[in-house]
Amino acid sequence: MIKVLRRPVFLIGLVITLALFAVALLSLVWTPFLPTKMNIVHKLKAPLDFGLLGTDQFGRDVASMLMVGAWNSLSTSILAVLLGASVGTAVGVVVATRRGWLELVVMRGCDIVFAVPPILSAMMLGAFIGSGRFTAIIAIGVFMVPVFARLALGAALQVWTRDYVTAAVSMGRPKSKITLVHVLPNIANQIIVQVTIQLGLAILTEAGLSFLGLGMPPPTPTWGRMLADAQTFLGQAPWLALMPGLAIALAVLGLNMLGDGLRDLLDPRDNS
Numbered sequence: 001m002i003k004v005l006r007r008p009v010f011l012i013g014l015v016i017t018l019a020l021f022a023v024a025l026l027s028l029v030w031t032p033f034l035p036t037k038m039n040i041v042h043k044l045k046a047p048l049d050f051g052l053l054g055t056d057q058f059g060r061d062v063a064s065m066l067m068v069g070a071w072n073s074l075s076t077s078i079l080a081v082l083l084g085a086s087v088g089t090a091v092g093v094v095v096a097t098r099r100g101w102l103e104l105v106v107m108r109g110c111d112i113v114f115a116v117p118p119i120l121s122a123m124m125l126g127a128f129i130g131s132g133r134f135t136a137i138i139a140i141g142v143f144m145v146p147v148f149a150r151l152a153l154g155a156a157l158q159v160w161t162r163d164y165v166t167a168a169v170s171m172g173r174p175k176s177k178i179t180l181v182h183v184l185p186n187i188a189n190q191i192i193v194q195v196t197i198q199l200g201l202a203i204l205t206e207a208g209l210s211f212l213g214l215g216m217p218p219p220t221p222t223w224g225r226m227l228a229d230a231q232t233f234l235g236q237a238p239w240l241a242l243m244p245g246l247a248i249a250l251a252v253l254g255l256n257m258l259g260d261g262l263r264d265l266l267d268p269r270d271n272s
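For what it's worth, the UniProt record's numbering labels the leading residue of the sequence shown as 1, then goes sequentially.
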């Protein structure tokens, strides 16, 4: 507990992240107004003139849209990162076990995936299956696979050189069992930290996809679409862009700080 209290970066990131999740979960059961309900009479109302954060060009409550947008962004990003983490980690530990030509093929495959950014992947997928949550999850998740594959491979290779793993190999234990018993538990901390950091990147990418119209279809509120819709009204109603922009920045900042704090806390070499 004392070690945690000595990590202000971790604590700030944890508070921001918990607040973000709390708002997202709250939106499932309550919002100040229906986020998709239009009320033209109260369109473009400033914050506190109507509702806490004002209204958009259709009279929809901005605060309610932000709350629902938090859930949509988080749920999409979490599913995408979990997809990338599970597939990438599995690939990494298998390659660390086999090595040889498989390592060369997988690493070159990772280079190819890195060469195609998730936004371009979403555009190609959208041409075949249409835009939406599924397209965003697949596009972001596929881009995350090589990130976790390389991390898992590097970490697993280090574990395979340790004495207790060498002893297990010399005793004739199957490599699959060694991977499950010794390798995966010893790289779990690094995977968890990377999941936290990549979640922030996924939220930013999902917002970019929604901004381009490749995310969830309207009228479902998303932070990226709120930014896109606000472009026309920057001079008349700047809060329409300011609020979702701050939400995205705060979410990414909180998750990055949480990831940095977790990295320090889970570092076995740090005894402070």
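One or more of the hints may lead you astray.
Derived Cβ-Cβ restraints for the label pairs, each shown as a range [claimed, not checked]:
1) Pro-174 x Leu-250: 26 to 34 Å
2) Arg-173 x Leu-26: 34 to 42 Å
3) Asn-189 x Leu-28: 26 to 34 Å
4) Arg-173 x Asp-111: 44 to 52 Å
5) Arg-98 x Leu-18: 38 to 46 Å
Since the hints were made in silico from the structure, they are not lab data.
Glycine is no exception: its CB is placed at the ideal position from the N, C-alpha and C atoms.
We went through each hint and held it up to the structure:
The given range of 26 to 34 Å is broken by Pro-174 and Leu-250, whose C-beta atoms sit roughly 47 Å from each other. Taking 34 to 42 Å as the suggested C-beta distance range, the pair Arg-173 and Leu-26 does not conform, at roughly 49 Å. Between Asn-189 and Leu-28 the beta carbons are some 31 Å apart, a value that agrees with the proposed interval 26 to 34 Å. Between Arg-173 and Asp-111, the C-beta spacing of about 34 Å breaks the proposed range 44 to 52 Å.
Judged by the Cβ atoms, the range 38 to 46 Å given for Arg-98 and Leu-18 holds: they are separated by roughly 40 Å.
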